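Visitor: From the two separate chains plus the hints, produce the assembled complex.
Residue numbers (the numbering used here), protein chains in the order written: chain A, 10 to 97; chain B, 46 to 355.
Treat the hints with care, since some could be wrong.
Using C-beta positions, here's what the derived DEER-type ranges look like [stated by the list, open to error]:
1. 124(B) <-> 68(A): 55 to 65 Å
2. 332(B) <-> 62(A): 17 to 27 Å
3. 68(A) <-> 221(B): 53 to 63 Å
4. 221(B) <-> 85(A): 26 to 36 Å
5. 124(B) <-> 80(A): 12 to 22 Å
6. 68(A) <-> 87(B): 31 to 41 Å
Since the hints were derived computationally from the structure, they do not count as laboratory data.
None of these values were measured; they are calculated from a predicted model.
All residues carry an ideal CB built from backbone N, CA and C; glycine is no exception.
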Amino acid sequence: MANLHKPTTAGLLLAVLAATAGCATTSDLDALRSEVQKANATAERAAADAASAKQDAAAAKTAAEKAQSEAEETNEKLDRMFKKSMYK
Amino acid sequence: MKPLYRTLCLLVLVALCPSSRASEHAHPLPKPGSDLVGRIDVVKAREEDTLVDIARRHQIGQEEIVLANPGVDRWYPREGTEVILPSRYILPSGPRRGLVLNAPEMRLYYYPLPAEEEFSQVQAFPVAIGRMGWETPVAETTLVSKERNPSWWPPESIRREHAEQGDPLPAVVPPGPENPLGRHALRLGLPGYLIHGTNKAFGVGMRVSHGCIRMLPEDIEWLFERIPVGTPVRIVNQPVKVGWDGDVLYLEVHPPLEEDQVNREHLAETVWRHIDQAVGNQFIVLDKVEIQAEINRPSGVPREISGTLF
Numbered sequence: 010m011a012n013l014h015k016p017t018t019a020g021l022l023l024a025v026l027a028a029t030a031g032c033a034t035t036s037d038l039d040a041l042r043s044e045v046q047k048a049n050a051t052a053e054r055a056a057a058d059a060a061s062a063k064q065d066a067a068a069a070k071t072a073a074e075k076a077q078s079e080a081e082e083t084n085e086k087l088d089r090m091f092k093k094s095m096y097k
Numbered sequence: 046m047k048p049l050y051r052t053l054c055l056l057v058l059v060a061l062c063p064s065s066r067a068s069e070h071a072h073p074l075p076k077p078g079s080d081l082v083g084r085i086d087v088v089k090a091r092e093e094d095t096l097v098d099i100a101r102r103h104q105i106g107q108e109e110i111v112l113a114n115p116g117v118d119r120w121y122p123r124e125g126t127e128v129i130l131p132s133r134y135i136l137p138s139g140p141r142r143g144l145v146l147n148a149p150e151m152r153l154y155y156y157p158l159p160a161e162e163e164f165s166q167v168q169a170f171p172v173a174i175g176r177m178g179w180e181t182p183v184a185e186t187t188l189v190s191k192e193r194n195p196s197w198w199p200p201e202s203i204r205r206e207h208a209e210q211g212d213p214l215p216a217v218v219p220p221g222p223e224n225p226l227g228r229h230a231l232r233l234g235l236p237g238y239l240i241h242g243t244n245k246a247f248g249v250g251m252r253v254s255h256g257c258i259r260m261l262p263e264d265i266e267w268l269f270e271r272i273p274v275g276t277p278v279r280i281v282n283q284p285v286k287v288g289w290d291g292d293v294l295y296l297e298v299h300p301p302l303e304e305d306q307v308n309r310e311h312l313a314e315t316v317w318r319h320i321d322q323a324v325g326n327q328f329i330v331l332d333k334v335e336i337q338a339e340i341n342r343p344s345g346v347p348r349e350i351s352g353t354l355f
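So here's chain B without its partners, still in its complex pose (with noise of 0.2 Å):
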């Protein structure tokens, strides 16, 4: 089937399939040898916007839109100011199945197996990740069990914490509105770790958690219903991503992991080691102003780098 009609048809199943919010994050897999999902999106803020409610509105991260919209106040935008909605990915590397989670992007891609006749896609849903501290691990793992209206038994590490700071926690929090996990629960084979959703649904798109992925109420609950058991898991940590769209060469940089203590040196150099393996022999003419600009400043937007000669 031609890639332009596969296209149209997945957008139209797309537009047809009410019950989906989350089918918003749904992209077609780009062509061999192509790495960039999804687009660039512009709305313009309303008076009584905040980022924060505009990120919310459309599903997009809360430290994404921050990075996207370096010029724009997070409390007051302003009415009429343009909002940028990072929409558009560099696919992580590595293999593309099952669920990959980018830890420094919080971004969560799901490819799904597609059934006959239907066409390979991406869905990327932004998540929030643990915290300094409560980092959430980099690994292989796999989905283990699924779990509808779970209760939280919180760690006894975590009981500490909330004890110390005068907020003790019951030994179990059943499921309803004050349960942090939501309404539904993805165990992965790492002792502990969950994917759920939340009850702090504003928190999504930051580093906020113990350690758990957390996605929005209607993110999860889509996923739930569609992920099978048994799903590969791979947690990675690429804060910079290079991939080209057709002949045009992008770049992707988010900020490092805290943790990782990645000055901007270090982040140069690792920003030149992944154009170099992109560009391989080719020849290419490169836009070393935006590269610097890029390093200087993440963005988290892919940030075109090749350019002509003339």
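Isolated chain A (complex conformation) (with noise of 0.2 Å):
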């Protein structure tokens, strides 16, 4: 979140000097308008990426967690008939 207030409150204040120095052009304006939006939208992409990333690594670790337990089934189970064929 700290990645998306930082474009638009430089933005903002941009605008304000712009407005009060009355020195900037209305296309200057619309310039930074439009690179404040493209701040904007690669800070959206990056909490994007970075939650899709997130969801990745979960469900990685869910994975790892089932292998893990099945591996520790199997081996239950091999156990099991090891024992069973011990049996008399």
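Guide: Dropping the structure here:
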């Protein structure tokens, strides 16, 4: 969220400065607004990527845990079969 | 005779005794006041090994090698993995004479009477005991007879069990490779209970029998040739053992027998009671972390639990 705030805050400051200083043209402001929007979009994409990566990591962890659990279960089955084969 | 000299003599005698693989289980009895025998060894697994193979190769019980190696896969330990051979034991409490079987430990201790000019020693053998529902009884008895190449007359209860599983048994199984008693049997004073060999050596060290005590073929052969009829036999249930080695206190915990339904709190109480008994009025610093670790996950290996102040 911090990344999202930064461009927006900077954009507002520049807009306020431009309005009060009276030295910026409309095209300057439009260009600035465009840059801010691009920055916002980049930040949103990054946040989405991060969320997606987090989901992937969680899914990978779940898969690893499932694989571990299945391996333990298989070992338990092997142990039981081995033990039973040693009965008289 | 000085203890070191006695120990050396015993080791030389053991080394000069080629006919006796079971002598690998021989340990000089510790000095009075000490309770530990044996030593922990470490071997490296080969690519083709399982822990089952390593246990058999080194005459270690099948469950105890798993307990002693918690991070090692029983079925694929992988080449080069260090495997602990748990061959150090706290002797069970009680008289050190005759045969003592500690059921939860699945180990049989034999204290032979030393002949003149011989040294007191103990032999510790891995054994299989009765599974749930076919428990090996806790008892005091004697060895009443010995039989070479025994036939097996399966009791009616076992024949019924096999018939229900679609594997009917004959009334008698003659000596031979199909005979589950192996080539030697020692009959106990408890009717129907034997100490015998096996045709399934990989089962030694597990709860797989119908109550009898199974030994590795080479171990029962060694014992059969030496143990006299009339030897006292004590079957005990001691999942917790505490003992001294010099001025160091050790704790050894084995998983309690399932039928005893011992939970962790109960096990902890038992452990602390045994520690209190061993310590008595002595001042000693106890390592509570080690004690709790052994309670949480019994390793079956003696764990040092006394520490120093600094």
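Visitor: Next step is simple, just say for each hint if it's right about the structure.
Guide: To see whether the hints hold, each was checked on the structure:
| no. | hint | verdict |
| --- | --- | --- |
| 1 | 124(B) <-> 68(A): 55 to 65 Å | violated (33 Å) |
| 2 | 332(B) <-> 62(A): 17 to 27 Å | violated (44 Å) |
| 3 | 68(A) <-> 221(B): 53 to 63 Å | holds (58 Å) |
| 4 | 221(B) <-> 85(A): 26 to 36 Å | holds (34 Å) |
| 5 | 124(B) <-> 80(A): 12 to 22 Å | holds (19 Å) |
| 6 | 68(A) <-> 87(B): 31 to 41 Å | holds (40 Å) |
Hint check: violations occur at hints 1 and 2; the rest are consistent with the structure.
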